[in-house]
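Colleague: Quick note, in the working numbering, the sequence shown goes up one by one and the last residue is 173.
In case anyone wonders, no lab produced these hints; they're calculated from the structure. Owing to the predicted nature of the structure, the values given are computational and were not obtained by experimental measurement. One or more hints might be untrue.
Claimed, not checked - Label-pair distances were calculated between CB atoms; the ranges are:
id: 1; residue 1: P67; residue 2: I149; range: 30 to 38 Å
id: 2; residue 1: G137; residue 2: E115; range: 18 to 26 Å
id: 3; residue 1: I86; residue 2: I140; range: 16 to 24 Å
id: 4; residue 1: T133; residue 2: Q42; range: 23 to 31 Å
id: 5; residue 1: R85; residue 2: L107; range: 20 to 28 Å
id: 6; residue 1: A138; residue 2: A50; range: 19 to 27 Å
id: 7; residue 1: E115; residue 2: A138; range: 33 to 41 Å
From the three backbone atoms N, C-alpha and C, an ideal C-beta is built for every residue, glycine too.
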Amino acid sequence: MNVPSVPAVKSRLFLCSLCAAIAFLAFATILAPTFSPAAPQASTIVTLARIREAWVQDLRTKQLEPILKFYAPDAVFLQPTGERITGSAALRTLFQTIMATFNSDLALHSQNLETSGDLAYDSGDFQETLTTVATGAKISAKGSYIIIFRRQPNGSWQIVQHVWTGTPPSGT
């Protein structure tokens, strides 16, 4: 059987092309982790989790000014009653009232914390025991929350929407 032979020049070009393709794939595989968006996203996830935990700690220790810094000036807080509280002044009044009226033992249990570009969200469940400052009466509450963050021009993250669901405890 006669098999036509491939000219030597075409054979060498094929081998060179194959070697170049293999070298490119190896190089791309080695450099892929360097350019992967996973590292910045993982860093952002850690930052947002720290913000969440600092927010809880500031609520527990009644740190008004630090807790307000987590919110964008036009942030919206949606309460379980459906009431929409918008903007820095309204948030200040809300947190002043909460901190003057109750001691909180809030625990957040994040279920999803994800980012996409300059937006991120943290969604989960909460349990809280509120102790009325005036009487010492304890009120238990539980439900779900979602916090939506937006990356600011300086690279920091602030809350732009904060939602609590569930049945509000009586007396709140």
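Colleague: For every hint, state whether the structure bears it out.
Modeller: Evaluation of the provided hints:
no.: 1; hint: P67 x I149: 30 to 38 Å; in the structure: 20 Å, violated
no.: 2; hint: G137 x E115: 18 to 26 Å; in the structure: 40 Å, violated
no.: 3; hint: I86 x I140: 16 to 24 Å; in the structure: 20 Å, holds
no.: 4; hint: T133 x Q42: 23 to 31 Å; in the structure: 42 Å, violated
no.: 5; hint: R85 x L107: 20 to 28 Å; in the structure: 21 Å, holds
no.: 6; hint: A138 x A50: 19 to 27 Å; in the structure: 32 Å, violated
no.: 7; hint: E115 x A138: 33 to 41 Å; in the structure: 38 Å, holds
Of the numbered hints listed earlier, those contradicted by the structure are 1, 2, 4, 6.
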